[in-house]
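Number of protein chains: 2
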Amino acid sequence: MPPINRIAPAVRRLRIANSTFQQPAFLRSAAAPVSTRLTYQARYQQTVAEPTTSASSVDHAPQSQPSHAPQQIKYTADAYPNIQRDSRFKEITAEDIKFFRDVLGSDNAIIDGVTKDAGEDLEAFNSDWMKKYRGQCKVVLKPDSTQQVSKILKYCNDNLLPINPQGGNTGLVGGSVPVFDEIVLNLSRMNTIHSFDDVSGILVADAGVILQAADDHVAEKGYIFPLDLGAKGSCQIGGNVATNAGGLRLLRYGSLHGNVLGLEAVLPDGTIVDDLCTLRKNNTGYDLKQLFIGGEGTIGIITKISILCPQRSPAVNVAYFGLESYEKVQTAFREAKSQLSEILSAFEMMDGQSQALYHRATGARLPLEGSYPFYCLIETSGSNTDHDSEKLNTFLEHVMGEEIVADGVVADNESQLQNLWACREGVSEASQHFGGVYKYDLSIPLPELYRLVEECRTRFQDNGLMDPEDETKPVLDVIGYGHMGDSNLHLNVATRRYDKAVEEALEPWVYEWVAQRKGSISAEHGLGLAKKSYVQYSRSETMVRLMKQLKGVYDPNGIMNPYKYV
Amino acid sequence: MPPINRIAPAVRRLRIANSTFQQPAFLRSAAAPVSTRLTYQARYQQTVAEPTTSASSVDHAPQSQPSHAPQQIKYTADAYPNIQRDSRFKEITAEDIKFFRDVLGSDNAIIDGVTKDAGEDLEAFNSDWMKKYRGQCKVVLKPDSTQQVSKILKYCNDNLLPINPQGGNTGLVGGSVPVFDEIVLNLSRMNTIHSFDDVSGILVADAGVILQAADDHVAEKGYIFPLDLGAKGSCQIGGNVATNAGGLRLLRYGSLHGNVLGLEAVLPDGTIVDDLCTLRKNNTGYDLKQLFIGGEGTIGIITKISILCPQRSPAVNVAYFGLESYEKVQTAFREAKSQLSEILSAFEMMDGQSQALYHRATGARLPLEGSYPFYCLIETSGSNTDHDSEKLNTFLEHVMGEEIVADGVVADNESQLQNLWACREGVSEASQHFGGVYKYDLSIPLPELYRLVEECRTRFQDNGLMDPEDETKPVLDVIGYGHMGDSNLHLNVATRRYDKAVEEALEPWVYEWVAQRKGSISAEHGLGLAKKSYVQYSRSETMVRLMKQLKGVYDPNGIMNPYKYV
Ligand SMILES: Cc1cc2nc3c(=O)[nH]c(=O)nc-3n(C[C@H](O)[C@H](O)[C@H](O)COP(=O)(O)OP(=O)(O)OC[C@H]3O[C@@H](n4cnc5c(N)ncnc54)[C@H](O)[C@@H]3O)c2cc1C
Ligand SMILES: Cc1cc2nc3c(=O)[nH]c(=O)nc-3n(C[C@H](O)[C@H](O)[C@H](O)COP(=O)(O)OP(=O)(O)OC[C@H]3O[C@@H](n4cnc5c(N)ncnc54)[C@H](O)[C@@H]3O)c2cc1C
Chain D
1 MPPINRIAPA
11 VRRLRIANST
21 FQQPAFLRSA
31 AAPVSTRLTY
41 QARYQQTVAE
51 PTTSASSVDH
61 APQSQPSHAP
71 QQIKYTADAY
81 PNIQRDSRFK
91 EITAEDIKFF
101 RDVLGSDNAI
111 IDGVTKDAGE
121 DLEAFNSDWM
131 KKYRGQCKVV
141 LKPDSTQQVS
151 KILKYCNDNL
161 LPINPQGGNT
171 GLVGGSVPVF
181 DEIVLNLSRM
191 NTIHSFDDVS
201 GILVADAGVI
211 LQAADDHVAE
221 KGYIFPLDLG
231 AKGSCQIGGN
241 VATNAGGLRL
251 LRYGSLHGNV
261 LGLEAVLPDG
271 TIVDDLCTLR
281 KNNTGYDLKQ
291 LFIGGEGTIG
301 IITKISILCP
311 QRSPAVNVAY
321 FGLESYEKVQ
331 TAFREAKSQL
341 SEILSAFEMM
351 DGQSQALYHR
361 ATGARLPLEG
371 SYPFYCLIET
381 SGSNTDHDSE
391 KLNTFLEHVM
401 GEEIVADGVV
411 ADNESQLQNL
421 WACREGVSEA
431 SQHFGGVYKY
441 DLSIPLPELY
451 RLVEECRTRF
461 QDNGLMDPED
471 ETKPVLDVIG
481 YGHMGDSNLH
491 LNVATRRYDK
501 AVEEALEPWV
511 YEWVAQRKGS
521 ISAEHGLGLA
531 KKSYVQYSRS
541 ETMVRLMKQL
551 KGVYDPNGIM
561 NPYKYV
Chain H
1 MPPINRIAPA
11 VRRLRIANST
21 FQQPAFLRSA
31 AAPVSTRLTY
41 QARYQQTVAE
51 PTTSASSVDH
61 APQSQPSHAP
71 QQIKYTADAY
81 PNIQRDSRFK
91 EITAEDIKFF
101 RDVLGSDNAI
111 IDGVTKDAGE
121 DLEAFNSDWM
131 KKYRGQCKVV
141 LKPDSTQQVS
151 KILKYCNDNL
161 LPINPQGGNT
171 GLVGGSVPVF
181 DEIVLNLSRM
191 NTIHSFDDVS
201 GILVADAGVI
211 LQAADDHVAE
221 KGYIFPLDLG
231 AKGSCQIGGN
241 VATNAGGLRL
251 LRYGSLHGNV
261 LGLEAVLPDG
271 TIVDDLCTLR
281 KNNTGYDLKQ
291 LFIGGEGTIG
301 IITKISILCP
311 QRSPAVNVAY
321 FGLESYEKVQ
331 TAFREAKSQL
341 SEILSAFEMM
351 DGQSQALYHR
361 ATGARLPLEG
371 SYPFYCLIET
381 SGSNTDHDSE
391 KLNTFLEHVM
401 GEEIVADGVV
411 ADNESQLQNL
421 WACREGVSEA
431 SQHFGGVYKY
441 DLSIPLPELY
451 RLVEECRTRF
461 QDNGLMDPED
471 ETKPVLDVIG
481 YGHMGDSNLH
491 LNVATRRYDK
501 AVEEALEPWV
511 YEWVAQRKGS
521 ISAEHGLGLA
531 KKSYVQYSRS
541 ETMVRLMKQL
551 KGVYDPNGIM
561 NPYKYV
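Protein chains in written order, with the UniProt record's numbering: chain D, 1 to 566; chain H, 1 to 566.
So that you can see chain D by itself, here it is in the shape it has in the complex (with noise of 0.2 Å):
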């Protein structure tokens, strides 16, 4: 972590976050180092350590049980009865196994539920992390070189076995594990860092290297991995380049389509696409390899990255405050693009229903001590630490001075910084902490950005489904956050439990709302099985019709990842 620098309350009001700011429960409970950054594995103890209330009562489908056991999840394809396996895809027997078995070598490269029992080994890579969805695999592959994905894609390819590539298996939309029986392509044994070069920033590696890992390599010579997000401990960079991930820092640094500088893949014929370019520029013909980056696994697994990283800021402020309305959130963030400038490096939006949630479900005390109807959060990261520190100061001055924001502290230390994030990065957790949650990640144009959130709360105040303190209610509150400086608006409903009633009031009139913005139903999280039958809000008919054509050019017999995406 990089050291953080002391800065001066700009005005009077202005308070140096303190030690009665505590960290919340949930963070505390893990056993990692503190972290507002959750991995995988310290969510998944939790949620299986802290039963929650209700839940149980839940009878429809699609559910998210966060604190359920695996095998209370009902099947998707129990879940939506509407989607049928598609019957010119083989069953896979015994011989092929065999097959795969001599491929990889090695019995621990394959679960093999064919010719064995594996119910329990398979059950990790059939269930999602939202714990959402749920194939019924009975195979999983981990080859460990591209070669040995060549081979399977190949003959699958031959023998209509369908595939599904996976990661880390942190995907939010259902699009990492199986619908029925497709074969899970586990790239987890991929795991070799090839090269970095420290001049030039350019690292190459296996599309296994969890991004955490990547995130470490990187940092010790000083450079900084351009994407991160809170599954980084579990995700892997191969799912974030196949899911076209978004995070913390693309504000600042661009998104993958610029960042990654080459990819190996594998297309359903075996054919290896070696693109592994290690240059910045490189005008020789289409640039192929962007087609796999937010392809979501249905053209061709990718094996390996070639990617840009910039350079490791040795001063971070992060500062937290609270304002008295969306006008004054956006005037806050033109202010702070135009003088935080180059080294803004986020600039997250909160609103009040958001923090008390996150208080409600930690127990963690604000970091403010009134309560407003919206809070920031902005990170700088720079080269040095006065010029940044001044930069801040005097930005903290004119925000405060002009009344554009009514409150608000700057951390002092690490920990404080990580407390400041926790309050934003905790918002996703809490917000399924009673119950469960319904999440939209969406592009709105900022001016409209927040009013989605309260129209929305209308509509549940209207319809009578809603009430923070009401336990008869499904809907607790309506939340909304996300990445400001991306217009990134992440909607949660959170609820006490899964109702018909809510998801009706909630769809498609989200996905119209968003559509007639013009604005994204996927910001980031992408299609997977969630929104494949909503694209058309997002995407013209031709738009549409040009993605199935380009799939249908690499994988004529859709054996990747069915069911899901365009």
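Take these hints with a grain of salt, some might be off.
[To be verified] Straight line, CA to CA, 30 Å or less: simulated DSS-like cross-link-like pairs of lysine-lysine:
| no. | chain 1 | residue 1 | chain 2 | residue 2 |
| --- | --- | --- | --- | --- |
| 1 | D | K532 | H | K551 |
| 2 | D | K221 | H | K518 |
| 3 | D | K337 | H | K337 |
| 4 | D | K154 | H | K551 |
| 5 | D | K551 | H | K154 |
| 6 | D | K98 | D | K116 |
| 7 | D | K154 | H | K518 |
| 8 | H | K74 | H | K500 |
| 9 | H | K532 | D | K551 |
| 10 | D | K74 | D | K131 |
| 11 | H | K131 | H | K221 |
| 12 | H | K74 | D | K151 |
| 13 | H | K154 | D | K518 |
| 14 | D | K151 | H | K518 |
| 15 | D | K548 | H | K518 |
| 16 | H | K548 | D | K551 |
| 17 | H | K221 | H | K337 |
| 18 | H | K221 | D | K518 |
| 19 | D | K548 | D | K532 |
| 20 | D | K90 | D | K518 |
| 21 | D | K548 | H | K551 |
| 22 | H | K551 | D | K551 |
| 23 | D | K151 | H | K548 |
| 24 | D | K548 | H | K151 |
| 25 | H | K154 | D | K548 |
| 26 | D | K221 | H | K74 |
| 27 | D | K337 | H | K221 |
| 28 | D | K551 | H | K151 |
| 29 | D | K154 | D | K221 |
| 30 | D | K154 | H | K548 |
| 31 | H | K151 | D | K518 |
Don't read these hints as lab results, they were simulated from the structure.
Position chain H with the ligands against the provided structure of chain D, taking the given hints into account.
Below, chain H with the ligands alone, put in the same frame as chain D:
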């Protein structure tokens, strides 16, 4: 132009660029206000106005004749007799002209050399910027709407009439002009800026908008177009996207693959690809638009783009150094990256030969008194003048104190800043000033980047073709310069006259050398006609096959920019 702030000399040897450091003759001769960024217009006038010495003895092709009038340029078809006109293509008739005239609805929108004599009017559209390639098209179409483009393409596709998309015609690889009688579809009348959002920095504009106009437009709102290059007064943003142009800001703002958020394009069958997304994040399917970025007009016509513009920096500083070795250049680059970090906006390298040639061609006095084997130009751009000056001074003290750089100057005002930039940007012009030039735009891993120039020089010394003073030798000098920050070398062989022996000494040797280092034979200029037959030096057989497959998907009749690209 942003104001430039004064930086006090850091150490004794570091001087402020002073008035004895003059602007070069060919820059002063331009009619427009002094600028290092020569426009097409300015350069064209100049080359016409100043006939140079040799190049008249040229009797082989291809030729680069900066000082000859258009009519003296050989037809590409004659220069490359191995390229044959595709006999499937129909010859254009009066009936076709009638169709185009009806679609376009205006006489200004068509140059008709089929039913009339339009030789002179057509010439500018048939000849490229380098005066190296010359086509024989008889019709230029200038649609002013996407609908018109769609109707034209569909008609041409149905009737097998080939099309050459053309933007500002500043491309350097012969892609922008026809080889035979391809119809030129010129975008210059589609030049409306549709919107600019000054909170998000997102610009939406027609493909035919001139880069300079786009930059000026966003500059008024405090933003900067994320691309800058010498041809900005003539090239179009659609052409920039079609070539995935790199230029001077890539080091800081990244490539167009990251910055272009959406586009509208027309496929040969008339389909309008409506992907003009104005969101920073939109993970809803394959990112098809990426295929048009760098597609060089071979799968469709880009009609509109949506692009993310960064904030303009109020503080801009430029320093110019002399260094004793390429090792020191690399060290200086590492130091600049680490110390100037987020404010570093350019790191350009020029070898001693390139600066001497620049001096010889222009008579311009160079910024430093002594002469050095290497020079660097460093630019910083930031939001705070004092902070930037301090960072730059600390950096300068360090690199001078450690004797990483031997001598240096910093610009004290806007005109000095322009003059320092001229020492870098004037090299390209200077290198063809004495007759002609063989130009290579290459990506090479940094440690080996300069070795190519040395080996090339040795080659010409050994084969007796080079002498800086002896007028009988074809080669004057071998120079190396380029975007060091992007590992992008421009290897230029300055000649007194074109000579087959020189070309044979260079090709395929240069390409082989680059391929052995896994570099790129085209860093930023693209393939066009010039490098079509060399793509295998940078791309595997598999990649070339996959690219051809894609071309077949979108342009099955091959009417889009034939004879070029892959
Ligand atoms: C706590 C938490 C926080 C998150 N925060 C963010 C965030 O801030 N921003 C954001 O964008 N996302 C976020 N996500 C979701 C994000 O998509 C994933 O965390 C991550 O990018 C997926 O990586 P993975 O290795 O887990 O992939 P998986 O979940 O295993 O797979 C995701 C998809 O990619 C495919 N895939 C995986 N690996 C490959 C491969 N090698 N080749 C081809 N296809 C492959 C799968 O088939 C699937 O369709 C978060 C998730 C969690 C659990
Ligand atoms: C002085 C000078 C300096 C330069 N500096 C740089 C530099 O620093 N970095 C760099 O990368 N390049 C540089 N270039 C080359 C660069 O490629 C072009 O200047 C520019 O990007 C091309 O734009 P244009 O509008 O002139 O396109 P054109 O030259 O007209 O066309 C270029 C290619 O794109 C296609 N095309 C053009 N418009 C469209 C469209 N709307 N739809 C589909 N296809 C289209 C054409 O068919 C052609 O294949 C320089 C050129 C000059 C003359």
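Satisfaction of hint between K551 of chain D and K548 of chain H, Cα-Cα up to 30 Å
Roughly 17 Å between the alpha carbons, so the hint for K548 of chain H and K551 of chain D holds.
For the pair we were handed, K337 of chain D and K337 of chain H, check the Cα-Cα distance against 30 Å.
Distance of about 23 Å is within 30 Å: holds.
Regarding the pair K548 of chain D and K551 of chain H, is the alpha-carbon distance no greater than 30 Å?
With Cα atoms ~17 Å apart, K548 of chain D and K551 of chain H stay inside 30 Å; holds.
Hey, K154 of chain H versus K548 of chain D, does the alpha-carbon distance stay inside 30 Å?
Roughly 22 Å separates the two Cα atoms, so the pair holds.
Quickly compare the C-alpha distance for K532 of chain H and K551 of chain D to 30 Å and report which way the hint goes.
holds, 28 Å
Pair hint K221 of chain D and K74 of chain H, alpha-carbon separation not exceeding 30 Å:
violated, 54 Å
Would you mind confirming whether the straight-line C-alpha gap from K548 of chain D to K518 of chain H stays at or under 30 Å?
violated, 34 Å
Take the C-alpha atoms of K551 of chain H and K551 of chain D, compute the straight-line distance between them, and say whether it is at most 30 Å.
holds, 15 Å
Regarding the pair K154 of chain H and K518 of chain D, is the alpha-carbon distance no greater than 30 Å?
holds, 28 Å
Does K154 of chain H sit within 30 Å of K551 of chain D, going by the straight-line distance between their CA atoms?
Holds, at roughly 24 Å.
Are the Cα atoms of K74 of chain H and K500 of chain H separated by 30 Å or less?
Satisfied, since the Cα-Cα distance of roughly 16 Å is no more than 30 Å.
Within 30 Å, alpha carbon to alpha carbon, are K74 of chain D and K131 of chain D?
holds, 9 Å
The structure does not agree with the numbered hints 11, 12, 15, 20, 26, 29 stated previously, though it agrees with the rest.
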